[in-house]
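Trainee: From just these sequences and the hints, can you work out the full model?
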Amino acid sequence: MDGHAIRILIAKPGLDGHDRGAKVIARALRDAGFEVIYTGLRQTPEMIAEAALQEDVDVVGLSILSGAHQTLVPVIRQAMDAHELGDVPIILGGIIPEQDFESMQQVGVKAIFGPGSTTADIVTTIRRIVAERGERTT
Amino acid sequence: MATLAADLLNGSRRALARALTVVENERPDAQALLTALYPHTGRAWVIGVTGAPGTGKSSLVSAMAAAYRKQGKTVAIVAVDPTSPFTGGAILGDRIRMRDLSGDAGVFIRSMATRGSLGGLARTTRDAVRVLDAAGFDIILMETVGAGQSEVDIARAAQTTLVVEAPGLGDDVQAIKAGILEIADVLVVNKSDRPGADNTVRALRAMLELGHPTNGGRMISHHGLMMSDDITHPSPALPVGDVWLPPVLRTIATGDSRTQNDGIVELLTQIETHRAYLLDGHRLREREHDRIEHEIRDRLAHTLMKNLLNAVSSEYYESVISQVQARTLDPHSAIQALLSAR
Chain U
1242 MDGHAIRILI AKPGLDGHDR GAKVIARALR DAGFEVIYTG LRQTPEMIAE AALQEDVDVV
1302 GLSILSGAHQ TLVPVIRQAM DAHELGDVPI ILGGIIPEQD FESMQQVGVK AIFGPGSTTA
1362 DIVTTIRRIV AERGERTT
Chain V
1477 MATLAADLLN GSRRALARAL TVVENERPDA QALLTALYPH TGRAWVIGVT GAPGTGKSSL
1537 VSAMAAAYRK QGKTVAIVAV DPTSPFTGGA ILGDRIRMRD LSGDAGVFIR SMATRGSLGG
1597 LARTTRDAVR VLDAAGFDII LMETVGAGQS EVDIARAAQT TLVVEAPGLG DDVQAIKAGI
1657 LEIADVLVVN KSDRPGADNT VRALRAMLEL GHPTNGGRMI SHHGLMMSDD ITHPSPALPV
1717 GDVWLPPVLR TIATGDSRTQ NDGIVELLTQ IETHRAYLLD GHRLREREHD RIEHEIRDRL
1777 AHTLMKNLLN AVSSEYYESV ISQVQARTLD PHSAIQALLS AR
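In order, the protein sequences belong to chains U and V. Residue numbers for the first sequence follow our numbering, beginning at 1242 and rising by one. Residue numbers for the second sequence follow our numbering, beginning at 1477 and rising by one.
Note that these hints are calculated values from the structure, not bench results. Using N, Cα and C, we set each Cβ at its ideal position, and we do this for glycine too. Watch out, some of these pointers could steer you wrong.
Sample of chain V residues at the chain U side, in silico, Cβ under 8 Å [to be verified]:
hint, residue
1, A1493
2, L1496
3, T1497
4, S1560
5, S1578
6, A1589
Mentor: This is the structure we're talking about:
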C-alpha cells in the first residue's frame, strides 16, 4: 500500500436477497477508513471479476448466505484469474459451515467471517491480508 | 512505468485500471505516466453530469452510456462519491445503477472518492479522465458527487456539462440562485414521469429567460466569467447560433417498460449540437485555454503550498496556530510569518 485508503469490492453473488449483512460490513469498513465499492445484489461471477478489474481493488469481499459458496466461489476465482487478478485476495462472509473452510481456502479464500464476527476483527484481518500482499508493482 | 503506459495504449484493461490507481494515489511515478500519456489525449468528448443527490445521475449516466454504445461509441465512466471527512472512508455505490453495462468491453467504469476535495470531483479526477482519454474512449462521462449549489469544478473539467434536476426539489427562487445552474450547457429534468415535472421545466425555462430578458429570452453569459467575452449587454439580438441557450430536456432514465429511456436519444442529440457549437470557430479553443489556465493555477497553488509547508517546521507551524488561537497573532499576520519563515 502507499498510504492511501484500502479499496475493497463488496459484492453479493447469487440469488439470495439478504443484503443487510453486506451493508453492515460496507458501513463498518467505511468507518474504518476504507473505500468500499458496493455493487449490490445478484452479481454474476463475471460482473464481480469485471468490477474488481476496473476498480483495481486491493481485496474482494463476498457475502453469501444461500449455501451456494461451493459453487460460486470457485467460479468467481476463475473469472478473476481470467482477468489477470490472480493476486487479488478474496474474503468471504455469511453462513459457511466449518467443514467447508478447507475447500474454500483451497480456492484462494483468505478469511471467512461467520455470524458473531466483530467488525473490529474483520477490519484488522483485511488490513493484515492487504499488507501481506505487499507493495504492488505495476 | 514506460511499460504501463505502453500496455495501456495497446488496450490492456488491467494496465488502464492500474494507471488510474497510480494517478489517483498521486504516486511518485504518476507524473511520468501522465507525461507519457498526454500526447495521446484530447480525442475524447468529456461530458460532466452533476446535480443534487437523488436526481438520478447514475441511472442517467448508465442510460446515456447504453445509448452511446448503440451508436458504436466506446464509453468510460468516472463516478465520484464523497469521502467521509471524519474517517476518510467512502462508500462508492454508483455501480449499483450501472449493472446493465456489465459484460461490455466497450465500457469501463471507475469509482472515485473525493478524498477531501470539495468541488464535486476528486483532485485527481481530471488526471483520471486524461488516462481514460489516452486509452482511446470516444465518450467520457464524469459524474460528480450529489452536488448542491457551488460544486462547479465540473464545468472546467468537461466539454459539455449537464445539470440534472428532478421534480419537487425547489421553487423558482432556487432556480435563479447563483451556482450550479449557471454552469449548465444542457439542463435535464430527470424522473420526468413524476408529478411536478412540468413545473420544474417551466421554472428552469423561466430562469434562463431571466438571464437576458432584452435578448428575446436568450441567455448570454451563462458561464459568467468563463464566457465573459460573450457579455455585450445591453445589446441588440445576436445572430442565432452565436449564443448557446441551454436547452431544458425531460428524461426518464429508469421507468417502466413503456417509459424507460424516454428522452435519452434526444439528450445525446443535444449534446452533439453543443459539441458542434463549440467546434464552430474558436469557441472550443478559447474554452480549452481558459480551462488549462485554471488548471495550471490550481496546480501551482497546490505545489507552492506543499513546498511551503515542507519548508516550515511543524513545530513552528503549530506555534503559529496556537498564537492565533491565543489571540496574540491575527490570521493575516500569521500568513506573513509563515511566508517569511523559510
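Trainee: Decide, hint by hint, whether the structure agrees.
Mentor: Here is how each hint holds up against the structure:
1. Taking 8 Å as the C-beta contact cut-off toward chain U, the hint placing A1493 of chain V at the interface holds, the least distance being around 4 Å.
2. Interface hint at L1496 of chain V: satisfied, since its Cβ lies 6 Å from the closest Cβ of chain U, which is below the 8 Å cut-off.
3. Contact between T1497 of chain V and chain U, as hinted, is supported at the beta carbon level, the nearest pair being about 5 Å apart and thus within 8 Å.
4. Restraint check, S1560 of chain V versus chain U: the minimum CB separation of about 6 Å is within 8 Å; hint holds.
5. Because the closest C-beta pair between S1578 of chain V and chain U is about 5 Å apart, less than 8 Å, the hint holds.
6. For A1589 of chain V, the suggested interface contact is upheld, since its CB lies about 5 Å from the closest CB of chain U, less than 8 Å.
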